[in-house]
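Trainee: Single-letter residue listing:
Protein chains: 4
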Amino acid sequence: MTYHRFLIVSATGEKYAAAEALAQEVKAELNQLGEIAHLATDIDVPDFKPGMVIAVGGDGTIMRAMKKYSLYSMPTFGINGGTLGFLAGAEKDDWRESLKRVIDGKVEIEKRLALTFTFRGVTYGPIANEVFLSHQEDPMAYRVTIDGEVFWERIEARGFMVATPTGSNAENFTFAGPPIFPTSRDVALTPMASPNPAFRAFTIPQLSDDGEVMIEFLDGKYADVTVQLKADGQKYVPDEPVRPGESIVVRKDDVPLLLATFGLPQHLRALRKKGFPLKG
Amino acid sequence: MTYHRFLIVSATGEKYAAAEALAQEVKAELNQLGEIAHLATDIDVPDFKPGMVIAVGGDGTIMRAMKKYSLYSMPTFGINGGTLGFLAGAEKDDWRESLKRVIDGKVEIEKRLALTFTFRGVTYGPIANEVFLSHQEDPMAYRVTIDGEVFWERIEARGFMVATPTGSNAENFTFAGPPIFPTSRDVALTPMASPNPAFRAFTIPQLSDDGEVMIEFLDGKYADVTVQLKADGQKYVPDEPVRPGESIVVRKDDVPLLLATFGLPQHLRALRKKGFPLKG
Amino acid sequence: MTYHRFLIVSATGEKYAAAEALAQEVKAELNQLGEIAHLATDIDVPDFKPGMVIAVGGDGTIMRAMKKYSLYSMPTFGINGGTLGFLAGAEKDDWRESLKRVIDGKVEIEKRLALTFTFRGVTYGPIANEVFLSHQEDPMAYRVTIDGEVFWERIEARGFMVATPTGSNAENFTFAGPPIFPTSRDVALTPMASPNPAFRAFTIPQLSDDGEVMIEFLDGKYADVTVQLKADGQKYVPDEPVRPGESIVVRKDDVPLLLATFGLPQHLRALRKKGFPLKG
Amino acid sequence: MTYHRFLIVSATGEKYAAAEALAQEVKAELNQLGEIAHLATDIDVPDFKPGMVIAVGGDGTIMRAMKKYSLYSMPTFGINGGTLGFLAGAEKDDWRESLKRVIDGKVEIEKRLALTFTFRGVTYGPIANEVFLSHQEDPMAYRVTIDGEVFWERIEARGFMVATPTGSNAENFTFAGPPIFPTSRDVALTPMASPNPAFRAFTIPQLSDDGEVMIEFLDGKYADVTVQLKADGQKYVPDEPVRPGESIVVRKDDVPLLLATFGLPQHLRALRKKGFPLKG
Numbered sequence: 000m001t002y003h004r005f006l007i008v009s010a011t012g013e014k015y016a017a018a019e020a021l022a023q024e025v026k027a028e029l030n031q032l033g034e035i036a037h038l039a040t041d042i043d044v045p046d047f048k049p050g051m052v053i054a055v056g057g058d059g060t061i062m063r064a065m066k067k068y069s070l071y072s073m074p075t076f077g078i079n080g081g082t083l084g085f086l087a088g089a090e091k092d093d094w095r096e097s098l099k100r101v102i103d104g105k106v107e108i109e110k111r112l113a114l115t116f117t118f119r120g121v122t123y124g125p126i127a128n129e130v131f132l133s134h135q136e137d138p139m140a141y142r143v144t145i146d147g148e149v150f151w152e153r154i155e156a157r158g159f160m161v162a163t164p165t166g167s168n169a170e171n172f173t174f175a176g177p178p179i180f181p182t183s184r185d186v187a188l189t190p191m192a193s194p195n196p197a198f199r200a201f202t203i204p205q206l207s208d209d210g211e212v213m214i215e216f217l218d219g220k221y222a223d224v225t226v227q228l229k230a231d232g233q234k235y236v237p238d239e240p241v242r243p244g245e246s247i248v249v250r251k252d253d254v255p256l257l258l259a260t261f262g263l264p265q266h267l268r269a270l271r272k273k274g275f276p277l278k279g
Numbered sequence: 000m001t002y003h004r005f006l007i008v009s010a011t012g013e014k015y016a017a018a019e020a021l022a023q024e025v026k027a028e029l030n031q032l033g034e035i036a037h038l039a040t041d042i043d044v045p046d047f048k049p050g051m052v053i054a055v056g057g058d059g060t061i062m063r064a065m066k067k068y069s070l071y072s073m074p075t076f077g078i079n080g081g082t083l084g085f086l087a088g089a090e091k092d093d094w095r096e097s098l099k100r101v102i103d104g105k106v107e108i109e110k111r112l113a114l115t116f117t118f119r120g121v122t123y124g125p126i127a128n129e130v131f132l133s134h135q136e137d138p139m140a141y142r143v144t145i146d147g148e149v150f151w152e153r154i155e156a157r158g159f160m161v162a163t164p165t166g167s168n169a170e171n172f173t174f175a176g177p178p179i180f181p182t183s184r185d186v187a188l189t190p191m192a193s194p195n196p197a198f199r200a201f202t203i204p205q206l207s208d209d210g211e212v213m214i215e216f217l218d219g220k221y222a223d224v225t226v227q228l229k230a231d232g233q234k235y236v237p238d239e240p241v242r243p244g245e246s247i248v249v250r251k252d253d254v255p256l257l258l259a260t261f262g263l264p265q266h267l268r269a270l271r272k273k274g275f276p277l278k279g
Numbered sequence: 000m001t002y003h004r005f006l007i008v009s010a011t012g013e014k015y016a017a018a019e020a021l022a023q024e025v026k027a028e029l030n031q032l033g034e035i036a037h038l039a040t041d042i043d044v045p046d047f048k049p050g051m052v053i054a055v056g057g058d059g060t061i062m063r064a065m066k067k068y069s070l071y072s073m074p075t076f077g078i079n080g081g082t083l084g085f086l087a088g089a090e091k092d093d094w095r096e097s098l099k100r101v102i103d104g105k106v107e108i109e110k111r112l113a114l115t116f117t118f119r120g121v122t123y124g125p126i127a128n129e130v131f132l133s134h135q136e137d138p139m140a141y142r143v144t145i146d147g148e149v150f151w152e153r154i155e156a157r158g159f160m161v162a163t164p165t166g167s168n169a170e171n172f173t174f175a176g177p178p179i180f181p182t183s184r185d186v187a188l189t190p191m192a193s194p195n196p197a198f199r200a201f202t203i204p205q206l207s208d209d210g211e212v213m214i215e216f217l218d219g220k221y222a223d224v225t226v227q228l229k230a231d232g233q234k235y236v237p238d239e240p241v242r243p244g245e246s247i248v249v250r251k252d253d254v255p256l257l258l259a260t261f262g263l264p265q266h267l268r269a270l271r272k273k274g275f276p277l278k279g
Numbered sequence: 000m001t002y003h004r005f006l007i008v009s010a011t012g013e014k015y016a017a018a019e020a021l022a023q024e025v026k027a028e029l030n031q032l033g034e035i036a037h038l039a040t041d042i043d044v045p046d047f048k049p050g051m052v053i054a055v056g057g058d059g060t061i062m063r064a065m066k067k068y069s070l071y072s073m074p075t076f077g078i079n080g081g082t083l084g085f086l087a088g089a090e091k092d093d094w095r096e097s098l099k100r101v102i103d104g105k106v107e108i109e110k111r112l113a114l115t116f117t118f119r120g121v122t123y124g125p126i127a128n129e130v131f132l133s134h135q136e137d138p139m140a141y142r143v144t145i146d147g148e149v150f151w152e153r154i155e156a157r158g159f160m161v162a163t164p165t166g167s168n169a170e171n172f173t174f175a176g177p178p179i180f181p182t183s184r185d186v187a188l189t190p191m192a193s194p195n196p197a198f199r200a201f202t203i204p205q206l207s208d209d210g211e212v213m214i215e216f217l218d219g220k221y222a223d224v225t226v227q228l229k230a231d232g233q234k235y236v237p238d239e240p241v242r243p244g245e246s247i248v249v250r251k252d253d254v255p256l257l258l259a260t261f262g263l264p265q266h267l268r269a270l271r272k273k274g275f276p277l278k279g
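Residue numbers (numbering that gives the first Met the number 0), protein chains in the order written: chain A, 0 to 279; chain B, 0 to 279; chain C, 0 to 279; chain D, 0 to 279.
This is chain A alone, in the form it adopts within the complex (with noise of 0.2 Å):
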C-alpha cells in the first residue's frame, strides 16, 4: 500500500516555532514529490479524508495526533522536530529520506494498545501511555482487583499505575516498572515508591481482551487526603481528586492507537535515546 494523500500537524505557538516552519517544509515537499498534503489548520479534515498524518513535534504532539486520527483510522508518522522523540520515525536530518519511504508504503502500521478509564460513571480515553493515581506526599493505601479476583488487596505507595508499552519506558520505568516492548498487547501494574519491599511491578494480559483492574483508593494517613488522578501526564478530571472508597477502572479502549513506524530499528533506536545502551 502506497499514500498519497497527507495530513500535517504541529504543535503551534511561540514554543513551537520551530516545529511549525518544520511542518511548512515537510507540506512543500510533499507537494514538490506529486503528493497531496495539507496542514490541518487549513483543511476541513472529515472531508479532506487523508490516508496518513504526518505529525512534527515531540512525543506530545505525535501522541495527540495519534489519539485524535486513530478513531478514523488514520495512521499517523511522527517527525522528530523536539528533543526527546521516541514515538518519531524521522529526524530533523533524515526526514526527507523517510517521508519517501512513507510514500512507498515501507512502514508498518503498528495498532498499539490504548486504554480508558473510567471514574465516577464517566468513561475517558484514549488512552496512550498510562493511568496514574498519586499522591505527593505519604503513602497511601490502594486496593488492585482484576477480572474481579483482588490482586493486592492493600497495597501502601505514593501511588499506582497502569502502562501501556507505549508508556512503560516513560513513567512506568522511572518507578522501577518493567520496559514492555511497545508492539506488546500487556500492560504494566506498577506501584510507585512503595515503603514495604516485597511490591514489585507486574506485567499483565488481561486487558488486551475484555479484562478489567479495578484500583481503590481505601485511606491515606491524614482524613482529608485526596489522591490525584492523572493520564497521559494531564489531570483529566481536574477538580475532582479521589476521595478515600472511590475507584477507578481501566480497560483496553476498542480502537488501538495507529502509528507508521520503520519498526524494529526504530524502536531499538529510540530505546538508545532512552539510555539503554547497545554495549558496555
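Don't take each hint at face value.
Identical chains share a label here; the pair holds if one copy fits it or two copies do between them.
DSS-like cross-link-like pairs, simulated, lysine-lysine; straight-line CA separation at most 27 Å [claimed, not checked]:
hint : residue 1 : residue 2
1    : 91        : 278
2    : 67        : 99
3    : 220       : 234
4    : 273       : 67
5    : 48        : 26
6    : 229       : 278
7    : 220       : 14
8    : 99        : 110
9    : 14        : 110
10   : 220       : 91
11   : 48        : 99
12   : 91        : 272
13   : 234       : 273
14   : 234       : 66
15   : 66        : 99
16   : 278       : 67
17   : 91        : 67
18   : 66        : 48
By construction, these hints were calculated from the structure, which means they are not laboratory data.
Since the structure of chain A is already known, use the hints to place chains B, C and D on it.
Mentor: Using the frame of chain A, we list chains B, C and D on its own:
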C-alpha cells in the same frame, strides 16, 4: 466440556513414595466417582486416549507431563504432592473437591507459551520455563539479536536468559527479570548479573509470532572459557559447552503447553506462595 | 550508668489523646518506682535537667524529641504509642519492663548522624531522616557535587535526596535507595525516579567528617518550574521553592542525635515491622 | 611526606608481557628522576624497605600488592596496565605525570577496610573485595547472624556475600548489592538471586569495629549438596566445599589495606569506567 478419561502420572522412586501413594489415591477416587482412570505405568497411553492428564507431584512432575502430553492435545492438571507447586491446581488438602470441578469441566485449558532453541543445527524443545546461557565465575560478553536486528551489541553479564511467562517467576525473577503473568504471550530477555548498571531486562512480544532471539557468546575473560547451556534447569546438551563465537536461536514452539487451571484465583494463590504478598 | 530523672513528652491534641494518656501512665509508673519524672508540659526543662527524655508516640514524636533535647546532651527513649514506631524501644504491651531496663542503664546511647542544609545563606537543622528536593510532575535536571568534585554533572530525576542511616529505611528506601543500618556513619545519595536506567543510589562516607554534598537544581522542562525543598517530611522554607540555578549544601550537624535503644535486637525488630522478613 | 624508595611489581608471564615491559619503563623513569626503584623480582624486599609499592597491571595485580605489602605499612600505588583498573591512580597515557605527583607526596594513603573469614577453625585473610558463598544451580538456605543476633533466620538464595566498600562495585553490585564509596567503613550483606522478592541487600557498620557476621549454610534442595566458598574471586579452601550445618564467620582484618590514590577525582573517574554515567 466434561472429562471422563484420566491418565495419572507421578514422580517415581524412593524419594517420591508419598507422591506415588497420592497418585494411587487419586486413581481410586476417580474410579469411585465412576470415571475411567489409569496410572501411566499401567497403560498404553496412545491407545487409552485420555481426555486429561493428572500429574501428582511438584512443579517438575507437572511440567514434564505438560511437555510430554500437550503434543497429543491432552491438557495436564496438577495436584501438588511436593512443597512448592506453582503449577498445581489442587493441594494435598483440597484435591478431592478440585477433582470434581475438573470432571465437571470447570477448568480453563490454558495454552502456555513454550520455546525451542537451536544449537549447532539441532532444535530442542519444548521448553516451559527458560533457556539459559551462563558461566559461574566471570562476566562473559554476549550479543543479542531480535529478528535480525541487534538489540544489545555487546553485553557483559554472567549469563543471559530467555524466559516464558510460566518461567518468569522462577529463575528469571531471581535475576531481577520482570514477573509476567503466566497467560501472557511475551517473553523476558534477562541479563544475569551484568556489571553495567544500564542493562535491564526487557519484555518482548516477538516470540509469540514467528520471531526469534539469537544469543551469541562473544568471548570470555580467558581464551579457553566455555558457557553452559541449560533449559528448564537441565543441561540439554550435557557434554557440549558453548564456545566463543557460537550462538543459539530461541523461537516459540509450535505446540503450546496445555495446562488445566482454575484461572486467575489459582495464579494469584501461586504468587502468594512465591512471596508476593496480598497486603502490607 | 543508671537514670533517675525523666522528662516525658508526647504528642498533644485530640488525635493523640491515647498517647497523652499513656504518657500519664508512664509518669505514674516511674513515680511508683521511686524515680523523678515530669511531663514536659508541667516543668521548666532547663532547670529540671533530666537524665533522659521519654517520648510517647509515633516516630514523629520521638524524632522531634531527639532533635530538641540532643542539643542538651539528653538522650531520648521512645515508647510506641502509635501504629509504626521504628525508633521506639518499647511497645504498648511491654513498656513497664522496658522502663525498668532503662532505669538500670541497660540501654545504649546511640549517636545518630544528623544533617544540616544551607539554602540562600541560612543553615537549617538538625535533620534526622532526609533532605529532599523534588518536583511532582516532570523530571528535572540536577548537578550533584561531593567536596567540590562533580559526582553527577547532570542527572534528570523527579528529585534528589540525601538520607541519613536513620532515614534510609523511610523515604529513601521507597525510591530504591539502599537500606543502611541506623548506627552507620554513611549517607545515601538517591535520585528519585530517574528516566535514565544507569543512575543508581550511592552510599558515601564523606558527610561523617567535614565533607559536603551540593545539589544544584539546573533546570526543568518549562521556564517557570520550581522545586520543593523538604526535610524530615516538612517544608522547611515553605514559601520559597528552589529556582533554576539555586543550590543547597548538605553537611553533618555538629551535634549527633542521642537515641536510647536496646541495640541490635531493637533494630532488627524494627526492620521486621517495615516488611523485611526474618525468613522465607 | 614525599616518597623516594619504590618497589615495582607487575604481573608476570607470557600474557602479561606488556605489563612487565611497562614496569621496566616505570623503573627507568624513577631512576631517571633520581629516585631509588627496584623490581620486586630483583630485590630482597624486607631489606630494601620501600616507602611505596608501584603495582603495574590490572586490578588483580594491584589488589595482590595491597594485600601483601600493607602488612609492612607500605602503601601501593597502581598503574593501569590492563583493560580495567578500578584501583589504579594512573593510566597508560598519564603515568609519568602521575609518578611525579606520587614522589611529591601528593597522594592520599587510604586505609581500605579488609576482611577475614574463619572456616573450620582456620582464619583466612586479608580479603579486599568480598567473601562469597554460592551454589550455581539451586537456591540454598542460609542463616545470617550479626554479633550474635539473627538477622535472617532462613533466607533462600543462590548465595550470600559480604562485600567491602572496595568490593561493593564488583561482584556485589552485579547482584544488586548497594554501591558503597570505597573509603566507607561499612560492608554490604548481599543475598544473591533470592527467589523471595522481600530479601534485599543491606549496608551495615558492625564490621568496622569488633563485630562479626556469621553465615550458616542450612541446607540445599538435595541431601548431598555443597556450597563453594570463595573470596576475592579465588577458592581459598579449594577441596573443601561447605556442607549443610557448617558456617563461616567474617570479621574486619586488623590491618587495613593501604592504597595510595588521588582521592575523590580518582574514585569518580573509576566509577565512570564502570558504567556509572556523569550525566544523562
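Trainee: Determine which of the earlier numbered hints do not hold for this structure and return their numbers in increasing order.
Mentor: Hints 9, 16 contradicted; others consistent.
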